[in-house]
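Student: Based on these hints, arrange chains B and C on the given structure of chain A.
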Amino acid sequence: MSKKTGISTRHLNSINNLSNREIETIFEIAQSYLDKLPDKLRSYRIGRSTDIASDFILASLFYEPSTRTRLSFESAMLRLGGDVITSADPATSSAAKGESLADAVRVIANYADLMVIRHPRDGAARLAAEYSPIPVINGGDGSHEHPTQTLCDLFTLKKKNKELRNLKIAISGDLRGSRTIHSFVYALARFGARIVPMPAPGMELPHHVYRRLREEFSCKFDSADGSIGALYHTPVEPHQPALFSGPDFELSFESSSSAMEKARKQKISAVYVTRFQKERWLQKQQEYPRIDAKFLKDPKYSRASVLHPLPRVGELDASVDSDSRAAYFEQAAYGVPVRMALISLLLGLHEGETLASFEGGFEKSSLVLYDQPLTTGLRCANPNCIVHEEKEAPYVRNKFHLLTHDKAAAGRLRCFYCESEMDAFVIANRKNKWYTTDTFALAGITNQNVRDFLFFADESDAIGSGFHTRKNFAAKHSRMAAGQS
Amino acid sequence: MSKKTGISTRHLNSINNLSNREIETIFEIAQSYLDKLPDKLRSYRIGRSTDIASDFILASLFYEPSTRTRLSFESAMLRLGGDVITSADPATSSAAKGESLADAVRVIANYADLMVIRHPRDGAARLAAEYSPIPVINGGDGSHEHPTQTLCDLFTLKKKNKELRNLKIAISGDLRGSRTIHSFVYALARFGARIVPMPAPGMELPHHVYRRLREEFSCKFDSADGSIGALYHTPVEPHQPALFSGPDFELSFESSSSAMEKARKQKISAVYVTRFQKERWLQKQQEYPRIDAKFLKDPKYSRASVLHPLPRVGELDASVDSDSRAAYFEQAAYGVPVRMALISLLLGLHEGETLASFEGGFEKSSLVLYDQPLTTGLRCANPNCIVHEEKEAPYVRNKFHLLTHDKAAAGRLRCFYCESEMDAFVIANRKNKWYTTDTFALAGITNQNVRDFLFFADESDAIGSGFHTRKNFAAKHSRMAAGQS
Amino acid sequence: MSKKTGISTRHLNSINNLSNREIETIFEIAQSYLDKLPDKLRSYRIGRSTDIASDFILASLFYEPSTRTRLSFESAMLRLGGDVITSADPATSSAAKGESLADAVRVIANYADLMVIRHPRDGAARLAAEYSPIPVINGGDGSHEHPTQTLCDLFTLKKKNKELRNLKIAISGDLRGSRTIHSFVYALARFGARIVPMPAPGMELPHHVYRRLREEFSCKFDSADGSIGALYHTPVEPHQPALFSGPDFELSFESSSSAMEKARKQKISAVYVTRFQKERWLQKQQEYPRIDAKFLKDPKYSRASVLHPLPRVGELDASVDSDSRAAYFEQAAYGVPVRMALISLLLGLHEGETLASFEGGFEKSSLVLYDQPLTTGLRCANPNCIVHEEKEAPYVRNKFHLLTHDKAAAGRLRCFYCESEMDAFVIANRKNKWYTTDTFALAGITNQNVRDFLFFADESDAIGSGFHTRKNFAAKHSRMAAGQS
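Protein chains in written order, with this note's numbering: chain A, 19 to 503; chain B, 19 to 503; chain C, 19 to 503.
If you're looking for bench data, these hints aren't it; they were derived computationally from the structure.
Quantities reported herein were computed from a predicted structural model and do not represent experimental measurements.
Among the hints, a few may not be true.
Identical copies carry no separate label here, and so any pair may be met within one copy or between two of them.
Calculated lysine-lysine pairs in the DSS-like style (CA-CA distance at most 30 Å, straight line) [said to hold, decoys possible]:
#1 Lys-115 with Lys-409
#2 Lys-296 with Lys-409
#3 Lys-54 with Lys-115
#4 Lys-296 with Lys-115
#5 Lys-302 with Lys-409
#6 Lys-312 with Lys-417
#7 Lys-238 with Lys-186
#8 Lys-285 with Lys-449
#9 Lys-280 with Lys-178
#10 Lys-382 with Lys-302
#11 Lys-176 with Lys-115
#12 Lys-180 with Lys-115
#13 Lys-318 with Lys-54
#14 Lys-382 with Lys-280
#15 Lys-302 with Lys-176
#16 Lys-115 with Lys-178
#17 Lys-302 with Lys-449
#18 Lys-177 with Lys-302
#19 Lys-315 with Lys-409
#20 Lys-54 with Lys-302
#21 Lys-312 with Lys-409
So here's chain A without its partners, still in its complex pose (with noise of 0.2 Å):
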């Protein structure tokens, strides 16, 4: 990591590593270069149309199997002018001989200009760029995000609805499993669309998910929508700079109940698909949903596009490709032009439009970071979690980001790979030795003295490490963090 000192770059491992005015940029470009497009060709098709990639490498990484992700993103270096080297068999890479994806991107980062990654580890991206002197790009990693992916489809909505605020949009199938599907909500919370999830049973959104919705994103739970829980926005909570500083948001729009009723009412702009992540999941899946002619019959889907970020393996009938709704091989076709604005913006191809650079890629987090080796207290608890993969333990790090947003509740920590949450733990003081099972302790850490603590799975870790039980740790700094102590 010592050969990152100093290197500003930018890395996009989740859609929040974008904010909402770089993602009009993003789509910007991408339209010029659909609009550079002879008349012969179709309107979602695009040709070698500039030559400013010329002197760059892409690096293409995929530890999991793709089609479209990986050949939209060679198309689209290629139709910049660029060169791409790939890796896309780890049976024949050296991860075949047991190396660690640190190592091989420390090591690739040497062959090429910026890389993409997909991984079947949730966090694998965020490790890859903590090793990158050079933009590391999220192809996917395990069932935590898949940005590039939800950027091809907002510019598909955009091209359909001119804007997104206000939009209906369902969400169909493995919202649970689905990388895509997360990146996808979050994006669509922060750009003022409505989210009707429907989910196949067991396969509801992550919680962690659900509750950064709410909290960071500010949306509302509608129960009263049909048998759907329906999420909205609501300005009553403060919002988080850096995510919302695009215009669309700071048109908020009103939450009266009058407002809610017409929301309940309005119909479906779109009905988002996912298939069965199986790779994702240990047991088959019994029952899911299936959206065929039929479905779409209802009239509130009546003037709904429906979208798939693709391959589909049965959730979505062949009987829809006829249907004008069908937007999905359009939905692909924007992988080429909406890459190659990304990729391009990356390397600092264009004047005047650019992407901010930051010291080790990502803009500073708000949040206070937990930093601590592996071997020592709490771990992610999420068993996919890059912080789980072997031969990657010298590389990694206990490290979380604690949640302190909502005072009325205990805090929680975000793993600093795969972003999952943990909300029961043990807090530890190394100073007084004294530990808490109260996770509202979390609010008295600072960056100044989380040096200072410790967390441990469960009290019993606590003790073997030397800690003992403090009555009153959390209330004083519960008190602390309110500026009471």
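Tutor: Coordinates of chains B and C only, in the frame set by chain A:
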């Protein structure tokens, strides 16, 4: 398929999709690339001589192992100044997630300007072409065809022999399983060459290929030519103009018995050797012809070039490599200039010299097309046909061309995808609910009334679907076809 | 092989195929690419600085997993403005159909202008070169050699140390199985560096490598240097001019005992760490040296760079990464400029600076070459040699170079392909039908009479082939060789 409406393009699925004149055009351009070579290179190597494809991308979509076909296509595209995206391993593509070919093609068509496809199923390239707005080249589909290999084979023969007419070509090995052979014999027949089949035991040319040679390409079987059948062109039957518009064929040769006698004594011009296609057979091969120095000592091979599409696995002895008759590495080398010519023509990069483009990518067939849903009635009898691939079920139909060439014989059906043929089935009339097992009745079906008919595999199926026999049905239709009704 | 006649090219199979002067030339050009870098890039990254290879294609032909070798070659070719075709997975290439390497090479040589090959068999690259009219670069063949890795290693050492002469290099780990080590120690010896072997138990340098260092590169073993043997150059024996023409070696150093004493006390200049080559061993490794912060605290390593060809799998602790002595990522980064230099020289793209080209691609050896069919007599004793690969049987022969350096010792045979050595075998004379087990007799064999001799593995083989003993055969030939006959 609605996506295709109005799109005029050109696909290459079968060698029979190219007219003789178009094949000549490809060869002229291939030769022009060879002519540009600096003297210091060997006659069949080629450098980057042009940049005409610099705005274009070729997608290599290989669902089966390949080295020479894929690499020679990619080399050809790069030599033209173009770029390449590659999906060479189904295990690392979205196929591993269960994606259909029809979907993959519709997506990838947005990332590239033309694509080459290899697939284990017969007819896969035809299916792909149905869904692609960009040119699809068949890089080998099951045991159906491999037309670009045939272009290289013909080009090699032409370089060695000046013209193809009246050459006598022995074809040895797995004539049944080798897609290369199937494309090759059609082309030989069309250019007036004589074919001497030398099959491994049980590996004769498929019946439908024999019949097509005889009926469509006017070949005659000569049982008197030693122990091996020889096929001769004869001008007594009408030619299908689209296939025989080239100058070569117009000069049809005599078929008198003295000419035949002469032909029998003619030395072999080339021996075309093929490997046992183990991936197409369930059983192991016991006995297989082996071409070696001793075999070639027979005087009738004294001037025979030895060709092989490669790879070889024992059927062509290494001792032949140093024989001046060995032409197989030269044949492999021509893969680049021939494919450069094909690609550049399909992309329309040569002024004056073009391949015609058609709506849907294929010249309209003069044969009547039967087209019913996959769930209705007769399905293709070839178990390896793409229609039997579960993943493609929503994207294929029961489609057959009606063969009624030979008025003296009963009719047959040719599968729209894999081009294998069926000659025993049941024809049912939806209007009067009668059915017949007499395939003479095909002759009464036209593009106007074809929707009134259903085909079934056997009588019980027809009866199960509510049809019943009618005695004189066949006779009537037969008479109708003959204009006597 | 007839194809090659008269073709003058240059292959790189072993580091010993390059003279010291040529290695220096490669480094000068590599440095010139680094010098062109804009200041804002780190010292070891490289942009597209040239377009000199824009007319050329590199073929990557990898039969074993690789990331850094393949991707750095491809990046190098792209940075030179060239193009790349890749076959990275034997399971999806024609090798899966049973094709021989000899055939694959002859085909692919028509699709590219040079090729890099990786293969699990020792000697595979030598075989490939035999059949290729275009330059073949050995990208690692079994446990034989990996010469381009050594170029990167040497370049790194040179950047750190200005010159290689008199450096003291510790090599740690699997010295037997690591092809990287084998190329490396030859180069170190040739440039006058001292080698301190630190093998894992049972993983010493192969005997033939030791012997070659001693006999061909004039190294001496110093058992007094602690518990680890040290090898020193000594100028008492004649050097092979082709390998030692560089300026470095001419300045040979003193070998007096005081100089040796000084050398013993000299600090280690670099520790070269290698992983356990699990793919080369049947058994698991129990004990393996591990280089970590503690190891490097020993004062003798205080100024030692730490090198590793990567990937690492535990033998080099991540704690070293932040140590200023860690040079392995820099070493990996040099892969691009060094390979750019090699490729551009092999393609003849530098006026004035060239690598010599030879008929057949290799400088003619001064050693006598024994060359018999694979079915006749002695075969290479190395079970992993390419001669034992069934698919290659028609394309390899029993070929050995005769080693008679050391007049005081019996002679040995060096396999033409894998360069492993045999020192017990039977020499038979076809003219008089006598045989001997005394390998002194090798000394009597010359390029003129070598066809009169056959080698056998043991006496029963010789007898079985109709030979019988002759008492004074060996003595006579030995005398002959000494000029006393």
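Student: All the hints need checking, so say for each whether the structure fits it.
Tutor: Hints and how they fare:
1. Lys-115 with Lys-409: both (11 Å within a copy, 26 Å between copies)
2. Lys-296 with Lys-409: both (24 Å within a copy, 16 Å between copies)
3. Lys-54 with Lys-115: Result: close neither inside a copy nor across copies, 46 Å intra and 35 Å inter.
4. Lys-296 with Lys-115: both (27 Å within a copy, 8 Å between copies)
5. Lys-302 with Lys-409: Both: 28 Å inside a copy, 18 Å across copies.
6. Lys-312 with Lys-417: Between copies, since 26 Å is at most 30 Å while 48 Å is not.
7. Lys-238 with Lys-186: within (14 Å within a copy, 69 Å between copies)
8. Lys-285 with Lys-449: Result: close neither inside a copy nor across copies, 58 Å intra and 44 Å inter.
9. Lys-280 with Lys-178: Close inside one copy (22 Å), not across copies (72 Å); limit 30 Å.
10. Lys-382 with Lys-302: neither (41 Å within a copy, 46 Å between copies)
11. Lys-176 with Lys-115: between (45 Å within a copy, 29 Å between copies)
12. Lys-180 with Lys-115: neither (50 Å within a copy, 33 Å between copies)
13. Lys-318 with Lys-54: So Lys-318 and Lys-54 fail the 30 Å test inside a copy (37 Å) and across (62 Å) alike.
14. Lys-382 with Lys-280: neither (39 Å within a copy, 54 Å between copies)
15. Lys-302 with Lys-176: neither (35 Å within a copy, 57 Å between copies)
16. Lys-115 with Lys-178: Classified as between; 29 Å across copies, 47 Å inside a copy.
17. Lys-302 with Lys-449: neither (49 Å within a copy, 46 Å between copies)
18. Lys-177 with Lys-302: Answer is neither: 36 Å inside a copy and 57 Å across each miss the 30 Å cutoff.
19. Lys-315 with Lys-409: between (51 Å within a copy, 26 Å between copies)
20. Lys-54 with Lys-302: neither (46 Å within a copy, 56 Å between copies)
21. Lys-312 with Lys-409: between (49 Å within a copy, 22 Å between copies)
Hints 3, 8, 10, 12, 13, 14, 15, 17, 18, 20, counting from the list given before, are not met by this structure.
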